[in-house]
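Here is what each chain is made of, one letter per residue.
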Amino acid sequence: MKQSRRDFLKTAGILGAGLAGLAPKKALAAPKNVLSDDRMGVLVDTTLCIGCRRCEYACKVAHDLPSDPIESYNDRSVFAQKRRPDPSALTVVNEFENPVAGRASINVKTQCRHCDYPACVSACIVGAFSKQENGAVIWDEGKCIGCRYCMVACPFQVPTFEYEKALQPEIRKCDFCFKRTGEGKIPACVEICPMEVMKYGKRHELVELAHQRIKDNPGRYIDRVYGEYEVGGTSWLYLASKEFEKLDFPELGPDPAPGASESLQHAIFAYFVPPISLFALLGGIMWISKRGKESEEE
Amino acid sequence: MNLAIKAEPLKFKFFTPGVIVLSLLVLNGLVFAFFRFVLGIGAVTNLSQEYPWGIWIGIDVAAGVALAAGGFTTAALGHIFHREEYHLITRPALLTAMLGYTFVALGVVMDLGRYYNIWHVMIFWNGNSVLFEVGICVMAYLSVLYIEFLPLVTERFMGRVNLPGLFARFNKGIDRFLRFLDGGLNRAMFFFIILGVVLSCLHQSSLGTLMMIAGPKIHPLWQTPIAPLLFLLSAISVGFPMVIMESMLASRSFGLKPEMHVLSKLARFIGPLLAVYLAFKIGDMVIRETFVYLTDLNLQTTMFLIEVVVGFVIPLRIFLDRKALKSPFWIFLASVLVVFGVLLNRFNNFVIAYKPPVEAAAYFPSIGEISITVGFIALEVLLYRLFVRVFPIIGQPDLSHRPRTKFAIRGTQEIED
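The listed protein sequences correspond, in order, to chains A and B. Residue numbers for the first sequence follow the numbering used here, beginning at 1 and rising by one. Residue numbers for the second sequence follow the numbering used here, beginning at 1 and rising by one.
Please keep in mind that the hints were generated in silico from the structure rather than gathered at the bench. The beta-carbon is built from N, C-alpha and C at its ideal position, and this holds for glycine as well. All the pointers check out, no bait thrown in.
Cut-off 20 Å, straight-line C-alpha distance, at most; resulting in silico cross-link-like pairs (PhoX-like, lysine-lysine):
#1 B:K265 x B:K323
#2 A:K185 x A:K199
#3 B:K11 x B:K257
#4 B:K355 x A:K246
#5 A:K82 x B:K355
#6 B:K257 x B:K6
Here are some of the chain B residues that sit facing chain A, going by a computed Cβ distance under 7 Å:
#7 V38
#8 N117
#9 I118
#10 F124
#11 W125
#12 V130
#13 V197
Output of the computed footprint for chain A on chain B, the stretches with three or more beta carbons under 8 Å from beta carbons of chain A:
#14 46-56
#15 132-139
#16 211-222
#17 349-358
When you get a sec, could you build the whole thing from the sequences and use the hints?
Structure, rendered in structure tokens:
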């Protein structure tokens, strides 16, 4: 059977138009990613933390995770090793040596930083992550396919995966107590802290507060608010008496993690122009090379 | 019957010692796959909270996609640039691509925590996600590959539908359906061939964009803004070497003469393609001054050097040698090296280059991960062997008659029978 040139153009035209029609739909498809001016944050003053780990306890209770009784958290032997959040503990406190001899050791609470430009929200193949108005980055169980690209993308290595579950494994991470804050409460860890290490408030006010504290106590803090600019800024901000890199904070630049990949991605798919142009170009080559062969034979 | 290539189902003894070894490897992989689905990913892999991706992504998926590039590169050469002398190799390449991508999909299913939700990708779109683009393109391309393969099915069974017993009454209907399909495919095939090449260019390059979002977690030797270009160029470079390697292995296995008259000509393209790739790879290294990392000797720099020197520089030297192009030994060796180089490149990009921001025990694939990966490869080889027996895939050229169809993917124009 032979294909006439007219057939070729006709089919190409119809199918090409169909493909082009998909373009605007795709450009709009993206998960909720709001950067509200009034988004909330938490300022963590690590110089106040005594390592009582009440926050770990409160977090488990608030998220219905199994927990040992609160007294067991007085055990300081867990600090012998550096711990990371995992599916059964969304926040953990680690202990670091104090550079000033004789001073108490430094304790640092870690959990999701709730980035202003979250890598996980950009990366997730099905848009299961979203950035909410109040600053929380949360995960939608109903969409997740368990690919773990969020874990690859996260600059803080925060999302964790339930490797031991064969069915419905979850991605687990701090959700900024999204349910509690929705009910008007404050995050569980902030509420329980006996030393008032954490302050929950509007992020822009916390940034000011952090700089004020550094100004008022220049000997107490190093002059840096971690999270103010890192990867475009995070909801959780940290003050410390020691260089952050020595406290296991990753060294990150000011550019948002998703920046480069998203712009490249959007350039390749700008209204489907590049793929359709490539299609047209290849179609043209096919047509011409076939014509060349035919006239050669005639 | 005018035939450019008379591709026929091959006849040979299926069970050989090699096939038995492959079958055992498949069984071994199946055992671990069973445990993966019953006990979870943690039970069979060494993946951790710090290393979420291992060899299933680095080799089964990333390298699998790259090594299936023979499908779109030969389709472009044979059908779009209309070089009929290469039609002989388009069918084996198409079969490899089809099987290759099928196993990429199976590899993804192994790795997904909620594999049964894979259809979510088609519903919940995230246009910002590189993985979404890769996923959609791979799904679409896999469908295109099945469509491109259909003409071989119709060619094989048109006029030969002969179901036994009770089912015999459907013979006529199925045959009519096949003829209808064949006619439609003939008209539309050009569209799918071009679409296949476009989709391939898209996702082959996007695979390179995938690790960009991991930022400083990826070693600077691999973390580059031109990663998508490097991925596309290396995929195009590995297409023909893969076809050559397979063709020569198949010829040997099935007791045919290697198709040197085509393969030597095909090999001429590889040198320049490798040169372009290396120019970008090394140019990128010079411009970003990442060569400074080569002075510290560690796993990552060692793997980088092996990848570039063994996988690209040495085969480039061989392919640029006119005499070597005529020698089955040299083009086979050089092709194997390129295949190795691209496989290692993907593995390096996704596994070796990845370093979590916090200290963690290093990742090394578990017996289970290796068993499943090896099992998949063994099963792919077995299926290839089976397919060339059933379908007209491998053949001898007959250049005295040239078909005048534009899209002679079927190789034949009319079926006698």
